[in-house]
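Our numbering applies: residue 1 is where the sequence shown begins, and numbers increase by one.
FYI, nobody ran anything at the bench for these hints, they're computed from the structure. You may find that some hints are simply not true.
[Said to hold, decoys possible] Here are the simulated lysine-lysine pairs, DSS-like style, with alpha carbons at most 25 Å apart: (1) K404 - K427; (2) K355 - K404; (3) K457 - K355; (4) K160 - K174; (5) K355 - K399; (6) K117 - K457; (7) K117 - K160; (8) K355 - K117; (9) K457 - K399; (10) K543 - K517; (11) K304 - K517; (12) K404 - K457.
[As the list claims (entries may be wrong)] Restraint ranges, calculated between C-beta atoms of paired labels, are given here: (13) E253 - K160: 31 to 39 Å; (14) E253 - A465: 54 to 62 Å; (15) A453 - L239: 32 to 40 Å; (16) N66 - E443: 47 to 55 Å; (17) E443 - A341: 27 to 35 Å; (18) R25 - I435: 36 to 44 Å; (19) G356 - S142: 56 to 64 Å; (20) A465 - S545: 31 to 39 Å; (21) P374 - P135: 28 to 36 Å; (22) G342 - A267: 54 to 62 Å; (23) Q343 - N292: 12 to 20 Å; (24) G356 - E253: 23 to 31 Å; (25) S545 - N292: 24 to 32 Å.
Each residue gets a CB set at the ideal place from its N, CA and C atoms; glycine is no exception.
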Amino acid sequence: MKRLLPVVVLLLTASSALAAETTARYTVVLRSESARERLPRVMTNSDEAAARQVRTFHNINAFAANLTSSEVAELRRSSDVESIQPVLRRSINDVALAPATTNAGPGDVESNVSPFKTQHIPWGLEAIHARDVWPVTKGNASVNVAVLDTGIDLNHPDLKQAYAGGVNLVDPTKPPQDDHKHGTHVSGTIAATDNTIGVVGIAPNVKIWAVKVLNGLGEGTDENVALGIDWVVSRAKALGGRWVINMSLGAYEPSELEDAAVQNAVANGVVVVAGAGNRGIAILDFPAGYRNVIAVGATDEQNKRAGFSSYGPGMGVTAPGVNVASTLPEGTNTAADIEVAGQIIDGWGLGGAPKGVVNGPFVYVGVGQPEDYPSNMAGKIAVSSRGVLQFREKARNAKNAGAKALVIINSIDDHDSVVNWSLIVRKCNENGCIIEPEWVDYEFPLTIGVSYADGEKLRALSSNATARLEYRFEPYGLLDGTSMSTPHVAGAAALLLSLAPETNVAEITHALEATAKDLGTPGWDFDFSNGLVDVFAAAKYLKPSAFGLTQPPPITPGKRRSGH
Numbered sequence: 001m002k003r004l005l006p007v008v009v010l011l012l013t014a015s016s017a018l019a020a021e022t023t024a025r026y027t028v029v030l031r032s033e034s035a036r037e038r039l040p041r042v043m044t045n046s047d048e049a050a051a052r053q054v055r056t057f058h059n060i061n062a063f064a065a066n067l068t069s070s071e072v073a074e075l076r077r078s079s080d081v082e083s084i085q086p087v088l089r090r091s092i093n094d095v096a097l098a099p100a101t102t103n104a105g106p107g108d109v110e111s112n113v114s115p116f117k118t119q120h121i122p123w124g125l126e127a128i129h130a131r132d133v134w135p136v137t138k139g140n141a142s143v144n145v146a147v148l149d150t151g152i153d154l155n156h157p158d159l160k161q162a163y164a165g166g167v168n169l170v171d172p173t174k175p176p177q178d179d180h181k182h183g184t185h186v187s188g189t190i191a192a193t194d195n196t197i198g199v200v201g202i203a204p205n206v207k208i209w210a211v212k213v214l215n216g217l218g219e220g221t222d223e224n225v226a227l228g229i230d231w232v233v234s235r236a237k238a239l240g241g242r243w244v245i246n247m248s249l250g251a252y253e254p255s256e257l258e259d260a261a262v263q264n265a266v267a268n269g270v271v272v273v274a275g276a277g278n279r280g281i282a283i284l285d286f287p288a289g290y291r292n293v294i295a296v297g298a299t300d301e302q303n304k305r306a307g308f309s310s311y312g313p314g315m316g317v318t319a320p321g322v323n324v325a326s327t328l329p330e331g332t333n334t335a336a337d338i339e340v341a342g343q344i345i346d347g348w349g350l351g352g353a354p355k356g357v358v359n360g361p362f363v364y365v366g367v368g369q370p371e372d373y374p375s376n377m378a379g380k381i382a383v384s385s386r387g388v389l390q391f392r393e394k395a396r397n398a399k400n401a402g403a404k405a406l407v408i409i410n411s412i413d414d415h416d417s418v419v420n421w422s423l424i425v426r427k428c429n430e431n432g433c434i435i436e437p438e439w440v441d442y443e444f445p446l447t448i449g450v451s452y453a454d455g456e457k458l459r460a461l462s463s464n465a466t467a468r469l470e471y472r473f474e475p476y477g478l479l480d481g482t483s484m485s486t487p488h489v490a491g492a493a494a495l496l497l498s499l500a501p502e503t504n505v506a507e508i509t510h511a512l513e514a515t516a517k518d519l520g521t522p523g524w525d526f527d528f529s530n531g532l533v534d535v536f537a538a539a540k541y542l543k544p545s546a547f548g549l550t551q552p553p554p555i556t557p558g559k560r561r562s563g564h
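Throw the hints in and build the complete structure from the sequences for me.
In structure tokens, the structure reads:
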């Protein structure tokens with residue numbers, strides 16, 4: 001297919017008055033490839049094309065440009081134009097971007113062990129039975145998953161092995177480095193390395209490609225998404241192998257350009273997976289709502305539909321999307337814990353406290369008033385109950401008494417989020433916010449908060465028991481959203497393509513939907529569609545001989561393709 005050169009030259013030869021009109025960004029889809037041949041072109045070095053920021057596509061008959069209202073009207077009248085739309089907003093599909101604690105599921109809370117000190121098996125991996133497929137395949141390097149998102153942390157220790165390359169369509173002068181954290185989290189669920197640290201992905205031996213289509217705020221446009229899909233198709237044609245696209249993003253408005261890019265990708269053998277959306281209604285976001293896309297809803301550890309998850313007609317399967325543990329870029333998430341008396345107690349570091357490790361005996365000091373401290377606090381760790389004093393005053397009193405660090409126990413009746421606990425206090429008015437002069441550049445001691453229940457455990461230990469406090473950046477953490485459920489299915493599709501590379505897109509989709517674990521009302525239903533994806537069942541259905549079977553196991557009756 002020949003490279004499209006902008007059609008807008010037809011409109012750029014108008015009068016100087018027309019050129020003075022205000023422009024806006026539009027995407028234009030043409031009816032056919034031959035339409036491009038009939039329309040005048042702008043040379044690629046054209047000043048007009050550069051001024052209009054024309055972007056072309058390699059594999060679909062479309063372009064994007066800044067156009068005036070007169071030019072838009074002219075294009076709408078053309079029989080060669082299929083559609084013309086203003087660019088549409090797209091954004092990430094998650095609902096929990098605040099730093100998460102290191103507890104990653106009921107088992108970890110109960111055992112009270114921070115899961116990332118050694119390799120943690122995310123609960124979602126077990127829920128979809130991925131490890132049951134691993135004796136046959138963990139994926140292979142001929143299968144590629146392109147993550148259209150905010151980029152990937154290219155140096156993450158759990159992703160370096162899987163990372164194969166990528167492109168930054170937000171700023172083409174830079175690599176696709178994640179400047180948010182969303183894309184890195186999504187990528188870890190798909191292909192985090194099976195090693196001794198962090199987490200492990202659904203298909204740890206496949207290749208990951210970073211296609212940065214969203215900025216550091218997790219926002220972008222359908223133009224960039226379509227350009228990203230187009231880029232993937234070009235790579236697939238150039239490199240061969242099998243390809244999956246993961247899109248944990250979307251919005252409620254459909255895009256003709258985006259749809260055209262999706263259908264072209266599917267026609268070229270690319271499996272396309274997208275999040276249903278987080279609006280909690282029976283309408284899918286786009287691109288999940290397009291035909292031939294595997295649309296994914298979110299479930300929790302109890303196999304209930306997550307309250308935020310969109311659902312309904314067009315959804316293919318559900319997958320784990322609550323408390324999903326995965327990779328995060330260095331510096332975007334923190335963790336804090338206390339090792340004492342043979343156990344690890346998870347906590348949270350306070351804003352303004354230094355990162356580091358402190359060892360020493362601890363002493364309970366009530367609410368942390370100066371008179372609550374004994375005279376021999378030098379080199380010890382103070383443990384104080386919340387209340388009476390501001391956090392910063394508690395920390396200053398601990399430091400003045402000679403304590404090396406401070407632990408603050410939360411209130412018994414406080415069920416609010418703790419992510420905003422901070423030693424930094426700003427006073428604000430209509431002129432802005434300031435920090436009081438006496439607290440500017442104050443060097444606080446390491447300060448960690450813990451829950452009331454964990455604080456009571458500390459108090460129950462003998463006085464002067466030795467503890468180790470650590471407050472650090474943690475390149476792992478928990479997020480919620482259909483953004484998190486989508487990579488479970490993309491990873492599952494990658495495993496299936498590794499097992500049966502000759503399988504076409506429709507067969508992969510059918511295998512995942514037909515073998516899903518039925519949830520809710522028997523058969524297809526609005527909340528769960530075909531049910532919870534089960535990649536082990538899908539693998540046996542697609543290639544029974546690989547698992548010692550002579551024929552596929554029977555599937556649950558009443559399932560059907562969701563359609564769009």
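### Query
Which earlier hints turn out false for this structure, listed by number in ascending order?
Numbers 1, 15, 19, 20, 21, 23, 24, in rising order.
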